[in-house]
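Spelled out, the chains give:
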Amino acid sequence: MTKLAIYGDSWADCSHGHWQTPKLEQLGWPNLLRDRGWLVDNFARTGSSLHYSYQRFVTTHPAYDRIIFLVTSPGRWTRSIEVGDRLYCINSYDSGDWLLKSDLYRKQLTPELRDLIKRVLDFYLYVQDMEFEKTAHDLMVAEILRIRPDAIVIPISKGCAPGTGMIEYQNLFVRSVWPDRPDLAKVQAHRTWEEIGCICHMSPEINKVVCESMRAALALGKWDPIIPDRVEHEHPADYYVRLF
Amino acid sequence: MKIAIYGDSFADYKPYTTSAQRSVIESAWSYQLALHHNVRNYSLSGSSLYWSMKQFEPSYSWADRVVFIVTTAGRYPGHWLDSQGLVHTISSAEQAHDQLTSQGSQLDTHSQRQIQAVRDWYMWARVDEFEIYAHDLMIARIRTLRPDAIIIPINPYGNASLSHLVTTTDYIIRGFRSWQAPSDTPWTYDDYSQLYQQYEELRCVCHFTQQVNQVFLEDIIQALDTGQWAPSLPDSIPHPEPRDYYYKQR
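Here the protein sequences come in this chain order: V and P. Residue numbering for the first sequence follows numbering that gives the first Met the number 0, starting at 0 and increasing by one per position. Residue numbering for the second sequence follows numbering that gives the first Met the number 0, starting at 0 and increasing by one per position.
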């Protein structure tokens, strides 16, 4: 069996958001690849930075025949913090701000953790130099391809790396379940809807399409997917997402 | 010869112009080099490697030779501007604290908040592993663009590709050794932080005394000639005056 390593963020982490519905995990595209005969080790972690994935890639890639590397957005703070029994990535100002205000974590945030989160928020507001972050990001992407020219490198969205972004599959989802709402393809999904029946930010039906795109890329040795106009969905939109 | 110099305070003598004697300033290796060559000095005291790389990318092709002083990993890549438009770097939490203490009342609220946030970042939020990775990759990029660049680290930490190179700090140590008794155990690189805490520069420029600047300059000239940074450091660099002439106790 061919050994495949997957690196990335929530777009490849099937456990994203499924603490209460773990059965959805099986429907994520990395697990579908496993069902298709690949021996998959999935190093993806929701909310993580490129540096997080890069570190794991550098130390683990020699053990794998093939590599799929999803490149997240530049500028994510590269550490995670322990909140209760969970590791949490503060990957943007909004995510740190949400954590501070969240009822879910209120009791678990010690004064020390609150102080640290406030400092990370200040980092995003006052310290972060996006030009530096983008430079470091691009150098890491180039290094990944230098080390493994055969890696299938896929951006999450524009600016992460060259090529078709995973965001195009989310747009496919929007076109498919809301054919009369093209405006929703242009919004920030996390501000517009809550995922309830999605895996890796996509419906199970779209995950199947992604799985086929990944298989084609692995066969061709390059990422150049053909994304359909529409995919038939078994359920209406509100089965998968809840609009805010 | 057209020479471009990049780096931090080890190459930038400008900050010393307000405090040091003219003869001390003119002993700076980068100043001396410019007397004999067409030198463009892009260094900035307290700056990050990223800042130097940003100067390097649009300008390196002008130069016949490049001298690149590689500063320590993990410096704040940005800067802030004072009311007169002067650029200020923040190279450490201590420096941020000093800037707040010495200039706090003259700064607007945003600048104060920015400097405080940088201080907190150094102390709490900086991720050293990421900084070292980014540092490594930037050095590799510099080497790709100018394989002939004379690369000189200020310290050997963090970057495996630099660990075999003689550092600028090695020269400071050789200078301090000249005031040791023959029976003393010679200072080594590991003693530098102790020496730094104990002594403040008095008659130095680019962190070197006049004598150390001269030795460093000769080694730079040799490196420009051979294309290799592989100086043979003396055990110590002699000084005609006692240590207190060059440094004062903190």
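Honestly, I wouldn't trust all of these hints.
For the chain P half of the interface with chain V, some residues (derived, Cβ under 7 Å), not all of them [said to hold, decoys possible]:
| no. | residue |
| --- | --- |
| 1 | Pro14 |
| 2 | Tyr41 |
| 3 | Pro76 |
| 4 | Gly77 |
| 5 | Trp79 |
| 6 | Gln83 |
| 7 | Val86 |
| 8 | Arg112 |
| 9 | Val117 |
| 10 | Trp120 |
| 11 | Ala124 |
| 12 | Asp127 |
| 13 | Ala133 |
| 14 | Ile150 |
| 15 | Tyr198 |
DSSO-like, lysine-lysine: derived pairs with alpha carbons at most 30 Å apart [claimed, not checked]:
| no. | chain 1 | residue 1 | chain 2 | residue 2 |
| --- | --- | --- | --- | --- |
| 16 | V | Lys133 | V | Lys106 |
| 17 | V | Lys157 | P | Lys13 |
| 18 | V | Lys133 | P | Lys247 |
| 19 | V | Lys221 | V | Lys106 |
| 20 | V | Lys117 | V | Lys133 |
| 21 | V | Lys133 | V | Lys157 |
Hint data in this document are derived by calculation from the structure and do not stem from the laboratory. Quick reminder that beta carbons are idealized off the backbone N, C-alpha and C, glycines included.
For each hint, the structure was consulted:
The closest approach between the C-beta of Pro14/P and any C-beta of chain V is roughly 22 Å, which is over the 7 Å cut-off, so the hint fails. Proximity of Tyr41/P to chain V is violated relative to the hint, the smallest CB-CB distance being about 17 Å (cut-off 7 Å). The beta carbon of Pro76/P comes within 4 Å of a beta carbon in chain V, closer than 7 Å, and the hint placing it at the interface holds. Hint status for Gly77/P: holds, given a least beta-carbon distance of 5 Å to chain V, under 7 Å.
A distance limit of 7 Å between C-beta atoms decides the matter here; for Trp79/P the minimum to chain V is near 10 Å, and the interface restraint is violated. Interface hint at Gln83/P: violated, since its Cβ lies 21 Å from the closest Cβ of chain V, which is beyond the 7 Å cut-off. Hint on Val86/P is violated. Least Cβ distance to chain V is approximately 14 Å, over the 7 Å limit. Annotation: Arg112/P was flagged as interfacial toward chain V, and the flag holds, the nearest CB pair being 6 Å apart, inside 7 Å.
A least Cβ separation of about 5 Å between Val117/P and chain V falls short of the 7 Å threshold, and the interface hint therefore holds. Proximity of Trp120/P to chain V holds as hinted, the smallest CB-CB distance being about 5 Å (cut-off 7 Å). Of the supplied interface hints, the one on Ala124/P holds, with its beta-carbon coming within about 5 Å of a beta-carbon of chain V, less than 7 Å. The interface hint given for Asp127/P is violated, since its Cβ lies 10 Å from the closest Cβ of chain V, which is over the 7 Å cut-off.
The restraint placing Ala133/P at the interface with chain V holds, with a minimum CB-CB distance near 4 Å, inside the 7 Å limit. Proximity of Ile150/P to chain V is violated relative to the hint, the smallest CB-CB distance being about 17 Å (cut-off 7 Å). With 7 Å as the threshold, the beta carbon of Tyr198/P stays out of range of chain V, its nearest partner Cβ sitting at about 31 Å, so the hint is violated. Between the alpha carbons of Lys133/V and Lys106/V the distance comes to roughly 36 Å, so the proposed pair goes past 30 Å and is violated.
For the suggested pair Lys157/V and Lys13/P, the alpha carbons sit about 42 Å apart, so the restraint of at most 30 Å is broken. For the hint linking Lys133/V to Lys247/P, the alpha-carbon distance of about 43 Å lies beyond 30 Å, and the restraint is violated. With a CA separation close to 47 Å, the supplied pair Lys221/V and Lys106/V exceeds the 30 Å bound. A threshold of 30 Å between alpha carbons decides the hint, and for Lys117/V with Lys133/V the separation of about 24 Å falls inside it, so the pair holds.
At roughly 12 Å between alpha-carbon atoms, Lys133/V and Lys157/V fall within 30 Å of each other, so this suggested pair holds.
Consistency note: the structure conflicts with the earlier hints numbered 1, 2, 5, 6, 7, 12, 14, 15, 16, 17, 18 and 19.
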